[in-house]
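Asker: This is what each chain is made of:
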Amino acid sequence: MTTHALPHPAALTPARYTAGALVHFTIEHFLLLPIGGLLALIWANTRPESYFTLTHTLSFVVNEIGMALFFALITQEIVEELMPGGALHTWRRWTLPAVAAVGGTAGSAFVYLAYVGFKYEPVLTPGWPVAGAIDIAFAYFIVKAIFRRHAAIPFLLLLAIAADAFGVFAVASRHAFVDVRPGGAALMAAAIAMAFAFRQWKVPTFWPYLAICGPLSWWALYVDGFHPAFALVPIVPFLPHAPRSLDVFTDAPHGRHDSPRHFEHVWKYPIQAVLFLFGLVNAGVLLSGYGTGTWALLSAAAIGKPLGILAATGLAVALGLHLPLRLHWRDLVVVALATSGGFTFGLFFATAVFPVGPILAELKIGAVATGIGVPLAFAAARLLHVGRFGHHSHHARAAHTEM
Amino acid sequence: MHRYFALAAPIVLIAGVALSHPGQSIPIGPGPGLAQASGAIVTAAPRPESLKFAVVGDAGDGGQAQYDVGRQMWASWGGFPFEFVIALGDNMYGRQEPQDFVTKFEKPYQPLLDAGVRFFGALGNHDKQENRFYPGFNMGGERFYTFVRQHVRFVVLDTNLMDPKQLAWAEDTLRRAPEAWKIAYFHHPLYSDGGRHGSDVELRVLLEPIFVRYGVSVVFASHDHVYERIKPQKGITYFVEGSSGLLRKGNLKPSALTAAGFDQDRAFMLIELKGGEMSFRTISRTGTTVDSGVIALRPTT
Chain A
23 MTTHALPHPA ALTPARYTAG ALVHFTIEHF LLLPIGGLLA LIWANTRPES
73 YFTLTHTLSF VVNEIGMALF FALITQEIVE ELMPGGALHT WRRWTLPAVA
123 AVGGTAGSAF VYLAYVGFKY EPVLTPGWPV AGAIDIAFAY FIVKAIFRRH
173 AAIPFLLLLA IAADAFGVFA VASRHAFVDV RPGGAALMAA AIAMAFAFRQ
223 WKVPTFWPYL AICGPLSWWA LYVDGFHPAF ALVPIVPFLP HAPRSLDVFT
273 DAPHGRHDSP RHFEHVWKYP IQAVLFLFGL VNAGVLLSGY GTGTWALLSA
323 AAIGKPLGIL AATGLAVALG LHLPLRLHWR DLVVVALATS GGFTFGLFFA
373 TAVFPVGPIL AELKIGAVAT GIGVPLAFAA ARLLHVGRFG HHSHHARAAH
423 TEM
Chain B
42 MHRYFALAAP IVLIAGVALS HPGQSIPIGP GPGLAQASGA IVTAAPRPES
92 LKFAVVGDAG DGGQAQYDVG RQMWASWGGF PFEFVIALGD NMYGRQEPQD
142 FVTKFEKPYQ PLLDAGVRFF GALGNHDKQE NRFYPGFNMG GERFYTFVRQ
192 HVRFVVLDTN LMDPKQLAWA EDTLRRAPEA WKIAYFHHPL YSDGGRHGSD
242 VELRVLLEPI FVRYGVSVVF ASHDHVYERI KPQKGITYFV EGSSGLLRKG
292 NLKPSALTAA GFDQDRAFML IELKGGEMSF RTISRTGTTV DSGVIALRPT
342 T
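Residue numbers (our numbering), protein chains in the order written: chain A, 23 to 425; chain B, 42 to 342.
If you're looking for bench data, these hints aren't it; they were derived computationally from the structure. Since this is a predicted model, take the numbers as computed values, not measurements. A couple of the hints might just be wrong.
[Stated by the list, open to error] Cross-link-like lysine-lysine pairs, in silico, DSSO-like; alpha carbons within 30 Å at most:
{"id": "1", "chain 1": "B", "residue 1": "Lys169", "chain 2": "B", "residue 2": "Lys148"}
{"id": "2", "chain 1": "B", "residue 1": "Lys294", "chain 2": "A", "residue 2": "Lys141"}
{"id": "3", "chain 1": "B", "residue 1": "Lys290", "chain 2": "B", "residue 2": "Lys272"}
{"id": "4", "chain 1": "B", "residue 1": "Lys272", "chain 2": "B", "residue 2": "Lys93"}
{"id": "5", "chain 1": "B", "residue 1": "Lys315", "chain 2": "A", "residue 2": "Lys141"}
{"id": "6", "chain 1": "B", "residue 1": "Lys290", "chain 2": "B", "residue 2": "Lys206"}
{"id": "7", "chain 1": "B", "residue 1": "Lys315", "chain 2": "B", "residue 2": "Lys272"}
{"id": "8", "chain 1": "B", "residue 1": "Lys275", "chain 2": "B", "residue 2": "Lys294"}
{"id": "9", "chain 1": "B", "residue 1": "Lys93", "chain 2": "A", "residue 2": "Lys141"}
{"id": "10", "chain 1": "B", "residue 1": "Lys290", "chain 2": "B", "residue 2": "Lys315"}
{"id": "11", "chain 1": "B", "residue 1": "Lys93", "chain 2": "B", "residue 2": "Lys275"}
{"id": "12", "chain 1": "A", "residue 1": "Lys141", "chain 2": "B", "residue 2": "Lys148"}
{"id": "13", "chain 1": "B", "residue 1": "Lys275", "chain 2": "B", "residue 2": "Lys315"}
{"id": "14", "chain 1": "B", "residue 1": "Lys315", "chain 2": "B", "residue 2": "Lys93"}
{"id": "15", "chain 1": "B", "residue 1": "Lys290", "chain 2": "A", "residue 2": "Lys141"}
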């Protein structure tokens, strides 16, 4: 999900400069998804019948096929970070964020389930994984805006990736709502065996993996009652890879990442278009449809998750793990609050857990409303004098002004 | 240029694939042949060979009002011996332990249950999904199910979770049903002027085309804690009866959709079907008739 291949707007001709700069900025900041979501919200609340008619037509193709590419890209980044030379190669790097992610997931699940239990709406119970979702890009840009370059950023990314990985496992099964047919395991075995064979034959491009193993895996999950959007997850580890550093949104990998044979190089723009459609298809909810699920999700994401992260990290530190260098507890509070936003992953997990209906609508509103994490994180940073609001930054600015 | 193409190609491709398989998007015009209920006040007096049933919704809070409605239903049963009751969901609020089924269902309706009146439940958002196994709700352990009484087909849905499997089942069941009268009921209203929830447009987009296509004449729902009769939409009459236990007094916000409404006290409905007519009467817990009329069978095209 890097933006390294984008031409800088300055490289464009003057006549196309404005449009080019706008596209550059939109893509670089992953704004197509929120733009799609905003359009959806306006459309759904002004012309709901036409909106829902369209989205029911599109939702299968976008959510169950298109999103497979998005999860493939995320998987590829994680795999490359885990490789020798990658940022996650050693367990020491990811242990503490993983523990924090366990805490965040547990904290959000606890608050969510407690709220749902208190309000006696048991039909909402399966929605607990939605509360633990963290929008990786969303959280990244908050923390980046507060800290600029800081140990908080890789810590947050690792935490978010781990928390969403837990969520993927929790929502993958849809046995409650779909008919399971035989043959899924055999199809999946064939898909993985074929990917393994391509790997052994040193097939240099991702296309055979995508075109042959991908559909086999997709069909395997579909007939087996699992969410087919995860179809490429077991295939991607066999793809040609190159190690990368952790700052997935801004690093500038070269060489194999820039090759047209590399998955990311070919699919990064189409995936942004898929994310736009994902926002358009899923974020449109009637605002009058809020309910217990909305409040449960919001309180779990904004209170339970940050508290869980802080508690688990505190416990891990007490047991002997160390916070990363220059990451202090005040910083961690801000990072924990920045994880509140579940937007993309929250919406996806919600659609994976619940079929269409008012229960899903309640959770979708909650997932969109978790954007409250932005002001919470900034307010905490200001109160705690963290990052750009820190004394050091203030003095530096003052000194700069005096000069 | 490559970027623009890469961004636009998936959108065009996905839209093309989706639009070539349009799924549920079926624009339907107004249905023919509905006799309006306006002015035709009837008393739902028993007629030979008719099917009689009652309707309650959002009833099961175990409060005094639910018991009052239960007593009024029993009083009505004396002159209008309805065979069964359809319960539109939120049949149980709050804690749902075995003792609660006694205090929130069996005791309020004890005389009716003793007289052999059966309840057929739908699941609301406050109902445990496991309640479908409770014998008193006669759901046979299913979230969605169907039953037939005389010449009437009832289709009961779980609108909490409108999964494709249920949707396909509903369409198949209605398509195959040979009965002239088809009645659907579930918890969340496709049309409602209740101030708290209102119409569920997303469900409407999914369900209404099926109801129109396969000849459903009447739909009952609840969720908003008021009573409302909606003017016929595409030939179908929609009722909201969500005030048999809980009430949001003054919460009905009448609109152009509203044919009649009542939001000042609890209520339940009595229904009688015979031949091509369905007569209905909505009664408050004090025994006052707050709405009534006759609906004609909607011809199946």
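Asker: Any hints this thing doesn't respect? Which numbers, in order?
Answerer: 5, 6, 9 and 10
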